[in-house]
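Listed in order, the protein sequences are those of chains V and W. Here my numbering is used: position 71 in the first sequence is 61, and no number is missing along the way. Here my numbering is used: position 144 in the second sequence is 147, and no number is missing along the way.
Everything labelled a hint here was simulated from the structure, so no lab data went into it. Among the clues, some could well be false.
If the Cβ cut is set under 7 Å, some of the chain V residues that face chain W in the computed set are [as the list claims (entries may be wrong)]:
(1) 43
(2) 72
(3) 103
(4) 121
(5) 124
(6) 150
(7) 155
Here are the simulated distance ranges between beta carbons [unchecked claim]:
(8) W:272 with V:16: 49 to 57 Å
(9) V:152 with W:510: 49 to 57 Å
(10) V:102 with W:274: 46 to 54 Å
(11) W:387 with V:107: 55 to 63 Å
(12) W:375 with V:119: 39 to 47 Å
Glycine is no exception: its CB is placed at the ideal position from the N, C-alpha and C atoms.
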Amino acid sequence: MSAVSATLGALAGALSWLRVHDAGRDAALGARLVALAPWEHELVRHLARRLVAPDVDAEVPLPSTDAVGVADFVDRWIARMRPSMRRDLGRLFRYVEHVAPLAIGHARPFTTLDEASQDRALAALAASPVGDLRAGFEGLKALVAMGYWRDPRTWPAIGYPGPIVGPAKGEGE
Amino acid sequence: MIRRGRDLRGDVVLDADAVVVGTGAGGGMAMRELARAGLDVVALEAGGHHGPADFDQREESMLPMLFEEAGARTTHDRAIRVLQGRGVGGSTVHNTNLCKRTPPELLELWERRHGVSGCGPADLAPVFDEVERDLSVAEIAETLRNPNNRVLERGVRALGVRGGPLRHNRVGCRQSGFCELGCAYDAKQNSLKVLVPQALASGRATLLSDTRADRIEHDGDGVRGVRATACDARGAEVASVTVRARVVVLAASATGSAALAWRSALPDPHDRLGRGLHLHPGAAVAGVFDERIDGFAGIPQSYECTEWLDFAEASDRRVWITTVFAHPVGTAAAMPGFGAAHTALMRQYPHLAVLVAMVHDRSEGRVEIDAEGFPVLRYTLGLRDREQLATGLRGGARLLLAAGAREVVVPSATPLRVRCEADLDAIGPWLGEPHAMPLTAVHPMGGMCLGDDPHASVVASTGEHHQVRGLFALDASLFPTSIGVPPQLSIYAFARHLARHAVERARAR
Ligand SMILES: Cc1cc2nc3c(=O)[nH]c(=O)nc-3n(C[C@H](O)[C@H](O)[C@H](O)COP(=O)(O)OP(=O)(O)OC[C@H]3O[C@@H](n4cnc5c(N)ncnc54)[C@H](O)[C@@H]3O)c2cc1C
Ligand code: SF4
Chain V
-9 MSAVSATLGA LAGALSWLRV HDAGRDAALG ARLVALAPWE HELVRHLARR
41 LVAPDVDAEV PLPSTDAVGV ADFVDRWIAR MRPSMRRDLG RLFRYVEHVA
91 PLAIGHARPF TTLDEASQDR ALAALAASPV GDLRAGFEGL KALVAMGYWR
141 DPRTWPAIGY PGPIVGPAKG EGE
Chain W
4 MIRRGRDLRG DVVLDADAVV VGTGAGGGMA MRELARAGLD VVALEAGGHH
54 GPADFDQREE SMLPMLFEEA GARTTHDRAI RVLQGRGVGG STVHNTNLCK
104 RTPPELLELW ERRHGVSGCG PADLAPVFDE VERDLSVAEI AETLRNPNNR
154 VLERGVRALG VRGGPLRHNR VGCRQSGFCE LGCAYDAKQN SLKVLVPQAL
204 ASGRATLLSD TRADRIEHDG DGVRGVRATA CDARGAEVAS VTVRARVVVL
254 AASATGSAAL AWRSALPDPH DRLGRGLHLH PGAAVAGVFD ERIDGFAGIP
304 QSYECTEWLD FAEASDRRVW ITTVFAHPVG TAAAMPGFGA AHTALMRQYP
354 HLAVLVAMVH DRSEGRVEID AEGFPVLRYT LGLRDREQLA TGLRGGARLL
404 LAAGAREVVV PSATPLRVRC EADLDAIGPW LGEPHAMPLT AVHPMGGMCL
454 GDDPHASVVA STGEHHQVRG LFALDASLFP TSIGVPPQLS IYAFARHLAR
504 HAVERARAR
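Generate the whole structure from the sequences, applying the supplied hints.
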């Protein structure tokens, strides 16, 4: 077991008794998810909204993270991860949903907090004195970044022209 | 002949003179040399066989196609991201094509301190000449320098520090800037394009792609072959493969070769296996410019700064600076913070010039395996190396400011903005501590180190395992120390230089 697993396991293991799903709501969603549990999918949607927080009012607006389908993408992406990493990620999701809010004085799950509180919980995670938790934050950010910025609809706002497969500029060396 | 593992079924048994595991820089060269010597060679490659038509220049599809663990591999504590290739051609498919010879000071050091023989500067000079000819290595012309590299050149000149142009292995390059996602224009003179086809053209080589070597068959004294598993496109097992051979060449990379050795329970009486892992850990600083830089376009990494790098034994100048640039996903993951502030930085994307400081590391890690047999990279950056990293980041920031950056962003967990010399003091060794800022390594080395003393190394100076006859390591695992320069040319050259011993062994038995 890696140091990361050990820390997250200890922190989140105690929470395994918690009900983290809602059977009715989850059935349809669960049927189409490959790797995430429905409650994890919901958590990723919340995380994506706060981690990316696209400024839709700008001159060249960015699409919302839900419109891009970040959580669905993350579901497919983590299905390919090595088993130990998936286990760590599962523990991290549980930690973010149930423990991270405690750090800012809330005893409610992350997905039920208002946006400002979610931002504070994420900032606390990013600056945590526990290295594994900071790593966890960076891992979540990287997953969400992949799910969002891969989408061509996000590129005009950042001046990225995208792939140019086919003849490109220059005649070569 | 290339056979795709996904098309195999049942139990496949092959006989050969030699089997090569992995087809990257070391494996491609070993395969070619063995086949050219008239030996029957089977090469096993865990990843798929892809060509220019498959390289669509998108991170979401190229990371899973071309990188181990879709680019998510890290050190044991997740503190350093370790990028490695997977597929025919290995890491040479998505690398940036930089070619630098092993510094002669290090070759001498290896002879003096690590018991390496027959691999000194004079032995290797003609080999480097040949390899550079094979791979068409040439300096990138000044006219082809993209704006990101021009920024570095401007900084070097303004500060009056040491720097210069770099040499690459590319022919017919269209300057697309997508090197790290595979070349859609087939311009890379790499293992995939040059060496593997030459090996196959000899008529003596068979390559099985999508076929992962699980275990080296040996009797504790000599090798008997390799057991492997062929997988379909989604990684599901479809066939078991046995290759019986008198010689086995490990070229599965610095992490893959040692992991395979662990899984095979090779004799290791002096507890050397996996030791000596070096990574060249690096971190980036981004300069924000008023003008557009469009760092994503044009040839990457055509210029370097070597002011803080030399190879003397006790040197305190061990950091190399060059340009680096990522596409949107990579940039977003590396940029500091989250939410609105992060999005604001992303909107500066075309105005960023990015430099990387890479440490010629003395910290030594170890390759181990987890319960499922995957490599675990135990590695922690020591204080001396963290100081080097800080020197490099300060140097990078100074270069960017000297080149005209409005400000420099250090993507630490608590973001740092540098606008003048005085701000540089905030950059310290703390940035190299785990999870203080994103660290990335693209040059893992060591794990099956070279040397004639079995107490201090895993393979002899011939590349052959000290205890298991006929087993060779001919990839990045060999190097007894960090090499401080991009390693592909050294790997190609060492594999070329030492493959003759594998040829002799195959013929002798
Ligand atoms: C993004 C990036 C940019 C880089 N840029 C440069 C550069 O510009 N210049 C430079 O000199 N170096 C560069 N490098 C590093 C360089 O490409 C590598 O150091 C070099 O290719 C390593 O050679 P290798 O033979 O040891 O392993 P690789 O080239 O990594 O090949 C190993 C192969 O073994 C296969 N394998 C692993 N395990 C098994 C198994 N069990 N069975 C079968 N096959 C297996 C893998 O799939 C892989 O194809 C870069 C690396 C990266 C990641
Ligand atoms: S810059 Fe050149 S070598 Fe790199 S991907 Fe584009 S065409 Fe290929």
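To see whether the hints hold, each was checked on the structure:
no.	hint	in the structure
1	43	4 Å, holds
2	72	6 Å, holds
3	103	14 Å, violated
4	121	5 Å, holds
5	124	4 Å, holds
6	150	5 Å, holds
7	155	5 Å, holds
8	W:272 with V:16: 49 to 57 Å	55 Å, holds
9	V:152 with W:510: 49 to 57 Å	53 Å, holds
10	V:102 with W:274: 46 to 54 Å	52 Å, holds
11	W:387 with V:107: 55 to 63 Å	42 Å, violated
12	W:375 with V:119: 39 to 47 Å	31 Å, violated
Against the hints set out earlier in the document, violations occur for numbers 3, 11 and 12.
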